[in-house]
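Colleague: Keeping their order, the protein sequence lines are chains D, L and C.
Read in this note's numbering, the first sequence has 301 at position 176, and its numbers run on one by one without any break.
Read in this note's numbering, the second sequence has 168 at position 22, and its numbers run on one by one without any break.
Read in this note's numbering, the third sequence has 667 at position 96, and its numbers run on one by one without any break.
Each hint should be verified, as a subset may be incorrect.
Said to hold, decoys possible - In silico DSSO-like cross-links for lysine-lysine, where the CA-CA straight-line distance does not exceed 30 Å:
| # | chain 1 | residue 1 | chain 2 | residue 2 |
| --- | --- | --- | --- | --- |
| 1 | L | K278 | D | K128 |
| 2 | D | K554 | L | K176 |
| 3 | D | K243 | C | K769 |
| 4 | D | K430 | C | K615 |
| 5 | L | K200 | D | K553 |
| 6 | L | K255 | D | K127 |
Unchecked claim - The calculated label-pair distances, taken between Cβ atoms and stated as ranges, are:
| # | chain 1 | residue 1 | chain 2 | residue 2 | range |
| --- | --- | --- | --- | --- | --- |
| 7 | C | D878 | D | I440 | 46 to 52 Å |
| 8 | D | E163 | C | P612 | 31 to 37 Å |
| 9 | C | N686 | D | L178 | 46 to 52 Å |
Said to hold, decoys possible - Listed below are several chain L residues computed to face chain D (Cβ distance under 7 Å; list not exhaustive):
| # | residue |
| --- | --- |
| 10 | L198 |
| 11 | D202 |
| 12 | G204 |
| 13 | S224 |
| 14 | I228 |
| 15 | F230 |
| 16 | Y244 |
| 17 | N252 |
| 18 | I253 |
| 19 | S264 |
| 20 | A265 |
| 21 | F269 |
Please keep in mind that the hints were generated in silico from the structure rather than gathered at the bench.
Beta carbons: idealized from backbone N, C-alpha and C, even for Gly.
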Amino acid sequence: MKKTIYIITIFAFLFLVIFPLLTMVVSSFFKNGNFTLEHYLYVLNKGTLFLLLKSIGLAFAVALIATLIGGFFAFTLTKTNLPMKNIFKLIFLIPLFISPYIIAVSWVDFFIMFGNGKLFIYSPFGVIFILSLIFSPLSMIIISSSLANLSARFEEAGLMMTTNFKIITKIVLPLIKPAIISSFILVFVLSISEFSVPAFLSVNVFTTEIFTQFSAFYNYDLAVANSIVLIFICVSLLLAERYYLADAPFLSMSLKSHKVKLIELKRSKYFLIFIHFSYLSLSVIIPVLVLSIQSFQGNEAIFGKAFSLLSVNIINSVFYSFTGAIFLLFFGFVFAYISEREKIKSINLVLLITFGIPSTVLGIGLIKFFNTPILNFIYSGYWIIVIGYLGRFIFIAEKLISNTIKQIPLSFEESAKLMGASFFLRIKKVLFPLISDGLFGAFLISFIFCLGELGTTILVYPPGTSVMPIKVYTIMANAPQSLTSAMSLIVLLITLIALIFLFTGHKILTKQKWSLD
Amino acid sequence: MAIVSLQNISKSFGKTPIINNISLDIEEGKFTCLLGSSGSGKTTILRLIAGLEKSDSGKILLNGKLVNEKNKILLPSSKREIGFIFQDLALWPHLTVYENIAFGLNIKKEENVTIKISAILDFFGLEEHRNKYPNQLSGGQQQLVAIARSLVLKPKMLLMDEPLANLDVKLKTKIRNHIKNLIDQFPITIIYVTHDHYEAFKLADEIIVINNGKIEDTGSPEDIQKSENTFVKEFIEI
Amino acid sequence: MKNIKQILLIIVLIMSAWNCSEKSSNEVVVYTTVDQIFSDPILKDFEQETGIKIKALFDTEETKSTGVLNRLIAEKDNPQCDVFWSGDPVRAIILKNKGITIPYNSPAASDIDDNFKDKEFHWIGFSARARVLIYNTNLLKSEDVPNSIFDLIKEKYKGQVAIANPLFGTTSFHFASWFSSLNDETAKQLLTDLKTNKILIATSNGDVKKRVVQGEIACGLTDTDDAFVAKNEGAPVDYVFLDQDDLGNLIIPNTLSLIKESPNSENGKKLIDYLLSRETEAKLAISCAQMPLHKGVQVPVSIPSLDNILPMKIDYNLTAKKLEEIQTFLKSWIEEN
Numbered sequence: 126m127k128k129t130i131y132i133i134t135i136f137a138f139l140f141l142v143i144f145p146l147l148t149m150v151v152s153s154f155f156k157n158g159n160f161t162l163e164h165y166l167y168v169l170n171k172g173t174l175f176l177l178l179k180s181i182g183l184a185f186a187v188a189l190i191a192t193l194i195g196g197f198f199a200f201t202l203t204k205t206n207l208p209m210k211n212i213f214k215l216i217f218l219i220p221l222f223i224s225p226y227i228i229a230v231s232w233v234d235f236f237i238m239f240g241n242g243k244l245f246i247y248s249p250f251g252v253i254f255i256l257s258l259i260f261s262p263l264s265m266i267i268i269s270s271s272l273a274n275l276s277a278r279f280e281e282a283g284l285m286m287t288t289n290f291k292i293i294t295k296i297v298l299p300l301i302k303p304a305i306i307s308s309f310i311l312v313f314v315l316s317i318s319e320f321s322v323p324a325f326l327s328v329n330v331f332t333t334e335i336f337t338q339f340s341a342f343y344n345y346d347l348a349v350a351n352s353i354v355l356i357f358i359c360v361s362l363l364l365a366e367r368y369y370l371a372d373a374p375f376l377s378m379s380l381k382s383h384k385v386k387l388i389e390l391k392r393s394k395y396f397l398i399f400i401h402f403s404y405l406s407l408s409v410i411i412p413v414l415v416l417s418i419q420s421f422q423g424n425e426a427i428f429g430k431a432f433s434l435l436s437v438n439i440i441n442s443v444f445y446s447f448t449g450a451i452f453l454l455f456f457g458f459v460f461a462y463i464s465e466r467e468k469i470k471s472i473n474l475v476l477l478i479t480f481g482i483p484s485t486v487l488g489i490g491l492i493k494f495f496n497t498p499i500l501n502f503i504y505s506g507y508w509i510i511v512i513g514y515l516g517r518f519i520f521i522a523e524k525l526i527s528n529t530i531k532q533i534p535l536s537f538e539e540s541a542k543l544m545g546a547s548f549f550l551r552i553k554k555v556l557f558p559l560i561s562d563g564l565f566g567a568f569l570i571s572f573i574f575c576l577g578e579l580g581t582t583i584l585v586y587p588p589g590t591s592v593m594p595i596k597v598y599t600i601m602a603n604a605p606q607s608l609t610s611a612m613s614l615i616v617l618l619i620t621l622i623a624l625i626f627l628f629t630g631h632k633i634l635t636k637q638k639w640s641l642d
Numbered sequence: 147m148a149i150v151s152l153q154n155i156s157k158s159f160g161k162t163p164i165i166n167n168i169s170l171d172i173e174e175g176k177f178t179c180l181l182g183s184s185g186s187g188k189t190t191i192l193r194l195i196a197g198l199e200k201s202d203s204g205k206i207l208l209n210g211k212l213v214n215e216k217n218k219i220l221l222p223s224s225k226r227e228i229g230f231i232f233q234d235l236a237l238w239p240h241l242t243v244y245e246n247i248a249f250g251l252n253i254k255k256e257e258n259v260t261i262k263i264s265a266i267l268d269f270f271g272l273e274e275h276r277n278k279y280p281n282q283l284s285g286g287q288q289q290l291v292a293i294a295r296s297l298v299l300k301p302k303m304l305l306m307d308e309p310l311a312n313l314d315v316k317l318k319t320k321i322r323n324h325i326k327n328l329i330d331q332f333p334i335t336i337i338y339v340t341h342d343h344y345e346a347f348k349l350a351d352e353i354i355v356i357n358n359g360k361i362e363d364t365g366s367p368e369d370i371q372k373s374e375n376t377f378v379k380e381f382i383e384i
Numbered sequence: 572m573k574n575i576k577q578i579l580l581i582i583v584l585i586m587s588a589w590n591c592s593e594k595s596s597n598e599v600v601v602y603t604t605v606d607q608i609f610s611d612p613i614l615k616d617f618e619q620e621t622g623i624k625i626k627a628l629f630d631t632e633e634t635k636s637t638g639v640l641n642r643l644i645a646e647k648d649n650p651q652c653d654v655f656w657s658g659d660p661v662r663a664i665i666l667k668n669k670g671i672t673i674p675y676n677s678p679a680a681s682d683i684d685d686n687f688k689d690k691e692f693h694w695i696g697f698s699a700r701a702r703v704l705i706y707n708t709n710l711l712k713s714e715d716v717p718n719s720i721f722d723l724i725k726e727k728y729k730g731q732v733a734i735a736n737p738l739f740g741t742t743s744f745h746f747a748s749w750f751s752s753l754n755d756e757t758a759k760q761l762l763t764d765l766k767t768n769k770i771l772i773a774t775s776n777g778d779v780k781k782r783v784v785q786g787e788i789a790c791g792l793t794d795t796d797d798a799f800v801a802k803n804e805g806a807p808v809d810y811v812f813l814d815q816d817d818l819g820n821l822i823i824p825n826t827l828s829l830i831k832e833s834p835n836s837e838n839g840k841k842l843i844d845y846l847l848s849r850e851t852e853a854k855l856a857i858s859c860a861q862m863p864l865h866k867g868v869q870v871p872v873s874i875p876s877l878d879n880i881l882p883m884k885i886d887y888n889l890t891a892k893k894l895e896e897i898q899t900f901l902k903s904w905i906e907e908n
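Please model the complete structure; the sequences and the hints are all you need to start from.
Modeller: Here you go:
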């Protein structure tokens with residue numbers, strides 16, 4: 126039974142995601158039917174190598190800054206008794222719910238309104254600035270869940286001997302090092318493959334090169350060859366991580382309540398609140414404010430118009446993303462289980478490659494593979510969008526789930542097995558209840574990512590339908606700024622409402638009396 | 147006839163050999179201790195008997211029936227009628243004491259589940275804790291729940307992997323006495339893994355001393371105490 | 572187990588039902604790079620008037636129409652689309668060269684000038700946009716406004732002119748038009764001089780417009796629709812046609828192509844006929860200042876007409892060919908500092 130599920134899932138994934146990608150990769154090694162490395166050698170010229178270095182530099186800076194910022198706030202919001210920290214925590218996440226492109230637009234507009242800083246924003250520093258603001262919430266989630274999982278015992282043990290500051294540097298930091306490195310790598314991969322922000326700020330990077338090959342030269346093979354180089358970098362980063370941290374959790378998402386040792390803030394409280402407000406105004410208030418000001422510059426009916434434009438897409442969007450998140454949860458769970466319990470770690474590498482592949486390559490691969498008379502039923506329906514989500518985000522879902530599985534001792538399942546419980550029963554009665562919070566977290570993050578996906582969806586969505594991010598994107602050209610801004614605000618609002626719904630649903634369904642400690 | 151028989155069993159994890167061509171017999175109804183330092187391979191032997199690991203080579207017979215040959219499991223763990231007490235006890239944290247014990251009974255579709263559970267809770271003096279979650283119990287109580295959970299299924303043998311490792315001295319003595327009591331009440335084969343030779347001497351009928359995946363010596367506690375084997379001598383001196 | 576299977580079955584059934592419910596036989600699939608805000612109302616009108624269901628796929632020049640064009644190319648072996656409505660001839664010509672379109676000489680276009688049609692009728696032009704110079708009225712007095720492309724290389728406009736990335740869209744065609752109407756040498760020199768004069772390369776025509784509107788830069792080359800919309804929104808901008816004395820101003824028609832082996836080609840032809848009508852041209856004139864190519868279509872006074880501007884005389888097919896030749900040159904032109 127177990128094996129059947131493994132086999133079905135793996136084959137389904139091969140068929141849905143890997144084969145379409147492979148057709149693209151294979152064809153990049155051929156020209157006019159002959160094997161050639163020409164496309165790859167082309168990448169190795171001075172210009173592209175320079176761009177590659179620039180991209181690596183940018184991604185490195187963003188990863189560093191986002192991890193520092195995210196780490197700092199993860200610390201203050203998890204390990205201190207700062208007032209209002211739960212509210213802060215929630216608001217900090219908002220940049221994740223707005224499309225990076227929109228955030229970039231609102232920042233540029235802010236600097237223009239401000240009348241200064243134009244040189245800054247239209248430069249690599251501007252890209253670093255905006256991407257760091259966008260990705261630091263992600264770092265915060267990763268690091269704070271690791272901090273929350275840190276049992277108070279370790280610090281209490283240290284407290285007998287030394288000061289708070291020493292405990293942080295000597296005990297806490299080393300213990301959460303895996304999370305810090307995870308955050309760094311994830312942000313690095315996300316920023317090196319980010320296209321919309323550098324493109325909007327006229328900063329040439331490696332992804333712009335890939336885009337140019339796609340959209341000016343229609344040279345897929347070269348574009349794929351370029352992306353393979355990008356993936357190569359991401360994979361070597363992951364391997365380096367593996368080398369240093371044999372099996373440390375990559376990303377962990379446990380909402381479980383451990384006893385967390387809180388640091389009592391005294392006078393520094395006010396100073397810290399000030400810092401939190403300042404950062405919030407930078408990362409959330411300014412972009413949202415700019416969008417609001419722009420919306421209200423239009424006539425009063427603008428929100429009504431924006432809503433009516435979006436209204437047909439809301440249900441579609443939420444439904445597709447919901448389906449996508451369920452699929453991601455299923456595939457993510459099976460792969461996580463294979464990787465954690467069967468110890469087949471190479472699965473992570475395959476998933477990372479799918480994550481590193483640019484969304485456009487995935488989109489074209491899906492079209493070429495599924496747009497045949499036989500598979501038309503998949504291609505012409507909305508399933509193709511869900512497959513796109515699967516390919517784009519399975520890495521993240523699998524990582525999140527595998528780290529929650531990692532926290533559950535194998536003996537829990539083994540003892541059930543010895544009592545005669547079947548694979549299904551073990552999963553259903555033992556593992557699922559124990560990781561339900563982690564699964565929910567993975568579901569939520571998958572859902573948010575699906576809801577904002579643009580790069581692949583725009584290539585595969587069926588004619589006559591649309592989803593929210595595409596509607597905003599296609600309407601953006603030549604629509605009054607007030608309309609676009611109003612639409613972005615509505616999308617943000619809908620995302621928040623959907624999240625609140627999911628959260629309350631989860632709260633009602635799982636009232637937890639037990640704990641792992 | 148031996149209830150468990152290992153014949154030329156070898157097992158390695160990756161390139162590290164854990165068990166090195168071991169053969170041993172365990173007699174029915176006896177309390178057998180696998181004694182050895184950590185990393186000696188004693189836990190792995192337990193897991194092989196339970197069917198939680200596959201051997202690389204050799205045979206395992208339970209009750210004369212071949213259950214594992216070379217790297218194939220012929221009888222899955224669930225059908226071996228074995229109770230297993232894990233080092234971390236593996237009490238399911240999301241289930242109450244009652245639910246933990248009921249789990250196996252429900253799978254086996256047994257009747258009179260409530261009565262059976264009440265009886266075993268009573269035997270272990272756990273009746274008042276039946277609706278508590280494991281994290282609300284003391285270490286000793288958790289220990290007893292784990293044993294009760296296994297015994298309620300009436301297994302042919304009970305495998306225990308350092309169950310007392312995390313307890314303080316007083317509790318250890320108490321639980322040890324409980325276990326002694328138990329054997330008198332339930333005629334059951336016990337294979338008990340420990341690194342503590344005092345424990346082995348107190349509990350065991352038969353001791354098997356393991357080092358680096360090999361058997362150094364076998365015998366009754368008295369035999370082992372008088373052993374001429376250099377490793378055994380050194381080990382029990384500490 | 573049984574329950575799970577039943578639930579799964581029900582879910583699958585619901586999902587496939589959802590999938591099928593949107594299928595109908597009397598439909599036409601159109602992919603367009605024309606901004607949704609302008610194209611959607613016209614497609615809705617067609618739907619209402621004919622009862623043929625429109626399934627539209629929108630993209631935007633802001634994203635270089637990557638979605639639609641790459642999709643048409645990737646779908647070549649199993650076309651899903653009937654009609655491709657492009658905002659410019661470049662993309663239509665690319666598709667023709669890749670063997671994705673088939674000829675259709677719509678009777679509705681009989682009085683449109685042959686210069687705006689493919690010789691083999693793989694595409695037919697209608698409603699044209701022009702490339703214009705948009706300028707910020709706060710930054711440039713009307714007498715200071717450049718009136719030739721060659722003015723842009725003058726010292727006084729140094730760092731004051733923006734243009735979209737010439738690898739894409741109408742801007743790429745604009746550049747190619749200099750190569751086909753002037754000679755290669757002059758055109759190359761022009762580009763070099765523009766670069767020396769610190770021309771700003773924006774990401775898109777919309778971006779050029781936005782930067783001029785916000786006063787970030789004095790003027791820039793963009794399309795009529797962008798300039799028209801900005802002016803209508805009350806931004807401090809105006810626009811002029813360039814080179815009205817000799818070279819002429821580049822005119823870029825919308826184009827329509829019928830896709831080869833398309834699923835609903837009969838409906839596709841109906842849609843093409845509809846879009847080529849005078850009524851459509853009139854609507855596009857009002858919504859985004861596109862100039863009708865049929866003679867005598869009534870348009871509001873504020874909208875420019877081909878009767879009073881001097882168009883640049885180019886062969887569209889030749890220009891498209893030129894574009895392909897100069898693309899690598901353009902790429903290095905952008906990258907050099």
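Colleague: Within 30 Å, alpha carbon to alpha carbon, are K278 (chain L) and K128 (chain D)?
Modeller: Distance of about 36 Å is beyond 30 Å: violated.
Colleague: Quick check on I228 (chain L) please, does its C-beta sit within 7 Å of some C-beta on chain D?
Modeller: 6 Å, holds
Colleague: Given the range 31 to 37 Å, decide if the beta-carbon distance of E163 (chain D) to P612 (chain C) lies inside it.
Modeller: 47 Å, violated
Colleague: Have a go at the F230 (chain L) hint: is there a Cβ in chain D nearer than 7 Å to its own Cβ?
Modeller: Constraint on F230 (chain L) satisfied, holds at 5 Å.
Colleague: Measure nothing beyond the straight line between the CA atoms of K554 (chain D) and K176 (chain L); if it is 30 Å or shorter, mark the hint as holding.
Modeller: Distance of about 34 Å is beyond 30 Å: violated.
Colleague: Interface hint check: Y244 (chain L), Cβ to nearest Cβ on chain D, cutoff 7 Å. Holds or violated?
Modeller: 13 Å, violated
Colleague: Any CB of chain D closer than 7 Å to the CB of I253 (chain L)?
Modeller: This interface hint holds because 5 Å falls under the 7 Å limit.
Colleague: So, A265 (chain L) near chain D? Judge it on the closest CB pair being under 7 Å.
Modeller: 18 Å, violated
Colleague: Take a look at whether the Cβ-Cβ distance between D878 (chain C) and I440 (chain D) falls inside 46 to 52 Å.
Modeller: 48 Å, holds
Colleague: D202 (chain L) was flagged as interface toward chain D. Is the shortest Cβ-Cβ separation under 7 Å?
Modeller: Where the cut-off is 7 Å and the nearest Cβ of chain D is about 16 Å from D202 (chain L), the hint is violated.
Colleague: Under the criterion of a CB-CB separation shorter than 7 Å, is N252 (chain L) in contact with chain D as hinted?
Modeller: 9 Å, violated
Colleague: Hinted pair, alpha-carbon criterion (30 Å max): K200 (chain L), K553 (chain D). Please report holds or violated.
Modeller: 25 Å, holds
Checked against the numbered hints above, the structure breaks hints 1, 2, 8, 11, 12, 16, 17, 19, 20, 21 and satisfies the rest.
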